[in-house]
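*Asks:* Residue numbers (our numbering), protein chains in the order written: chain A, 1 to 794; chain F, 1001 to 1343.
Don't read these hints as lab results, they were simulated from the structure. Only a predicted model underlies this, so the values are computations on that prediction, with no experimental measurement involved. All clues stand as given, with none of them false.
Going by beta-carbon spacing under 7 angstroms, a handful of chain F positions derived as facing chain A:
1. K1062
2. P1105
3. H1112
4. M1128
5. G1129
6. P1136
7. P1155
8. I1211
9. K1230
10. V1261
11. F1333
12. N1335
Away from chain F, derived, C-beta distances all over 10 angstroms, residues of chain A:
13. D185
14. I425
15. C668
16. G686
Ideal placement from N, C-alpha and C gives every residue a C-beta, glycine not left out.
For reference, the chains in residue letters:
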Amino acid sequence: MLIPLEWLKEFVDISVPVEQLADAITRAGLEVTAVSTVHIPDGVKVARITAVRPHPDADKLSLCDVDIGAKLTIVCGAPNVREGMLAPLATVGTQLASECRVKKAKIRGVESSGMLCSEKELGLSDDHSGIMTLPEEYAAGEELSKYYPDQPVIEIEITPDRGDCLSMLGVAREVSAVLSVPLKDTALRPEESGDKITDALKIEIKNAPACPRYLGRLISGVIIGESPSWLKHRLRSAGLRPINNVVDITNYILLHFGHPMHAFDYNRISGKKIIIDNARENQKFTTLDETERTLVADDLLIYDGEQAVALAGIMGGEGSAISGSTTDVFLECAYFDPVTIRKTSKRLGLSTDSSYRFERGVDPDRGLVNALDTAAELIRRCSGGTVATGMIDACPSPCKKRTVTLRPSRVTRLLGVEIGKQSLIEYLSSLGIQLVHDHGERLEFSIPLYRHDISSEVDCIEEAGRLYGYDNIPSADRAPVSLSVHPSRVEKTIDMINSTLAAMGFHEIITDGMTSEKIHAFMTPHKEPVRIMNPLNPDMALLRTTMLSGCLKTIAYNIHRKNSDSRLFEVGRTFEQKTGAQLPEERDMLAIILDGNFIPGAWNAHSLPGDFYVVKGIVDSLVRALGLAAPEYDSGASLPPYFDTTSSALRSTGCISGAVGTIKKEACALFDIHTDIYFAELDITGLLKTDRTLPEYKPLPRHPALERDFCFVMDESIQSKQIVSEIHALSPLIESVVPFDVYRGEKVGSGKKSIAYSISFRAPDRTLAEKEIEPLCRSCIASLKEKYGIELRV
Amino acid sequence: MAREDASTLENLDTLRKKIFSDLESATDSAALESFRIKYLGKKGALRALLKGLKNIPAERRKEYGARANQLRAETEQAFSSRTRQKKARGDQQSSPFDPSLPGYPFPHGSIHPLTKIRNEIRDIFISMGFDVAYGPDVESDFYNFAALNFPPHHPARDMQDTFLVSPEVVLRTHTSPVQIRIMEEQQPPIRCIMPGRVYRHEEISSRSYCIFHQVEGLYVDRDVSFADLKGTLLWFARRFFDEKTHIKIRPSFFPFTEPSVEIDIECFLCKGAGCSVCKQSGWLEILGAGMVHPNVLASGGIDSEHYTGFAFGMGIERIALLKYTIDDIRLFFENDIRFLRQF
Ligand SMILES: [Zn+2]
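The whole structure should be built from the sequences, with the hints applied where relevant.
*Replies:* Encoded structure:
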């Protein structure tokens, strides 16, 4: 919100520099985000436009003769130039805020000796619809800065709890408390004359909880026209555009007191009746912005004798609005229930300055009366009408002031500093929170009705604390250590995964975890995803059900930027909606992905290109680093549909499961990737819940091993692990069986492969003799032949 | 061709010594080739050894055979590494060694900058006796808002643009719901940090992203006061940023704390003098904090007359952007390898 200092000073005397003021109110709770100064540069003069002629060479431009003492010709493109108006002219040499210096220039062949300016060009507002119209009382030829002295404007960001600060008055109340200066009463009382308002209009409130109080005044015989310049100036300085004298005054009151009002054309209120009641379900109502809105029964409407005339607290309707021909104005100033207004505003997606304030709560008490009285008097002064005698005050359910009990001991306990009872009372009273009873250890305070955010003891403690100053509370210099805390095993495990993979050459990535329907349909059609009702875009419409989508997206991003050999990993969650559960199942996952070489080639070294066995090797090493048994691979188990046939499921010690392999070409193509991608996806949910087991120490062997190499020829259908387990089963003396070469080709024939194994024999208690292992070797050859038809290759 | 008498194991050791001294003195390619013929060729000494096995007494033959095989393997390996070395250093003995050629490119990876910052923050709090806890990314309205003292139709809900899964389920907009989950599980004392991913319905730009990460903190015990909050967070700021840094506290508003504050730290780039990063203010906004609201303690089943507490939260991305002076938040989620490699 923009707070012009000059406006604020109407409420409080401020003797400190504006920067100091900004700092003081920020420390007390209203965050000042900027302090700026509106400055009209020297050289901008009040100019009288004496003639407007068409430009000989351009339809959209006109030539204006202007008088600033001297007579000049200006080329102007604004649609609103007319003969006789006063407008700001930036003369040649003027430095405008937009960092351009006005020069003498030929525009389409005609010389222009300056520039007629819009409000935006002068930095007064964002209005760039035409040149600015200056009030008649300004003197042509004067510097415009004479009428617009430099004016500091403070920009404040107001938190949603402080609806009471959405006005000059509200900010002034804070300033008054912070600087300890008195708050001035700026409300006016109208000069009343003529008939009583109660004879002119009847009010009926049918939904009292939604409209606890409704005030109104009638001003007759007004002439709708331009607002006086002080008023236009005020509105502009706070960022609003002047419209006409009546509307401007309601806007002025909104900014001044924070109270939204609505002005009706009295003559268009049929039946001279105002009824506040709910809408009917599906009732249509056209608001001032020419939009037809469909309402529900919870919405609150203002009706006249025949029809709805306004959406209460949000926006008026077309039919009863102030127009150029309005002569009698009925001013509404009400207190509507914040929740009712918010529900309607949210549902319709219609937020106005008025609804914004009602939602946050306005003052249902004196503030309401002050706003209405001041508005009526200003309309009388500015538009020449008369204010009818009396005001309507329909107050079916008066708001009651809350009282809050505060214990000074509690203040000390919560803030960690003793403020003292007397100081507490003073701080609170400076904010209008009055002590009503002093029971010693319990103080009872009455809370002003405009402070909707204060309802309990702790709220009062905050009020006192912020005025005492948080910077004045000492910092504790010790902290207890809880002996019940156990350092997180999850953190240790993830640290281990990160550091191991980083050491093996992988880069950790973090992706957004969202994916599209299309990718989901291909990757995980068997899973029910979490769909976002209001996604940012279709590519981010659901939460990932596999880590692959983010990994492939990242690979594609890097390929596109000519980054080769992507070795990446991500630790993250996947989500799956389960029937009957409110929240989806979240799994902790680890993904490892490889594009290109695992080890790149160099000037004298070979590369190691990625393949299934590289990723498998990485997974095996990682699992071992985590202190678990090497995983078991089961190529028969079912795999997610994005893996192709050179892939395998895996499992380790019951706490890791997943798959390793090659990604299908079609999956890669979804991301415009056309290289081979190797991927491992491990579910580590169980791992993170598992305590790390102590390593199991085995004494080192004391006797040498014997090694024998065998080369077996077998059907392609036989897997190496079958051979390995077959051999292991023969004798406990067999320590290891390691394949070291695989051959396919003429020498073994088609449909066959040859695998060479190195078998190591060892006894724990003696040096094995050759004769002990010879029968083992023979039975190994025999049993492989018998069981699998495997031949020894010689 | 020398005919070593290698019929005993001792002779095998002698042969081994001879092989390695010959290899050592083979400094050019011609010498390496004659070494190869002498020992590894078809008629080489090592083949001869194996052929001579039949002359060894049967009881020693196996051991002898194994040792001979091992020697052959060892020799082959040493020879090939020597040849490779030769190739690298240049063929002639006279050509100078060039150490400036690059070492072979063993892959080196990296840990994501956000993880690094997160873990730095975590380790500081762990050293102060905080535990680490987690909660789900997809949360019910109850945990994300209602239990945290956001009334159903309060404008405070507009502070966080929310992704909805259903009217009652949201992608959590902050890590604060984990506070409630912990309090439900555990009575005080509670000293815990809760790192995690959060979601906001915000257009993606250089300044904001629709996901980011927070570290939430909660300390509930008897007589925890605002002075404790200040002390803990000041110490954190001094460990994390600069041991001489100062903090400044401004009142703020969060529904789940009362009083609520924002904590600024002195800009560590300009030491408070003012620079473009701190927008000339000398201060950086890094933390939101406050005393846990009695309604929130009640939501968690904790008696607020007995216990008080403070909570705080900080954005990891924001701190990482500041600490590494990165100017575009999207870099964290694009994962360009050239970016990742720098951390
Ligand atoms: Zn700085």
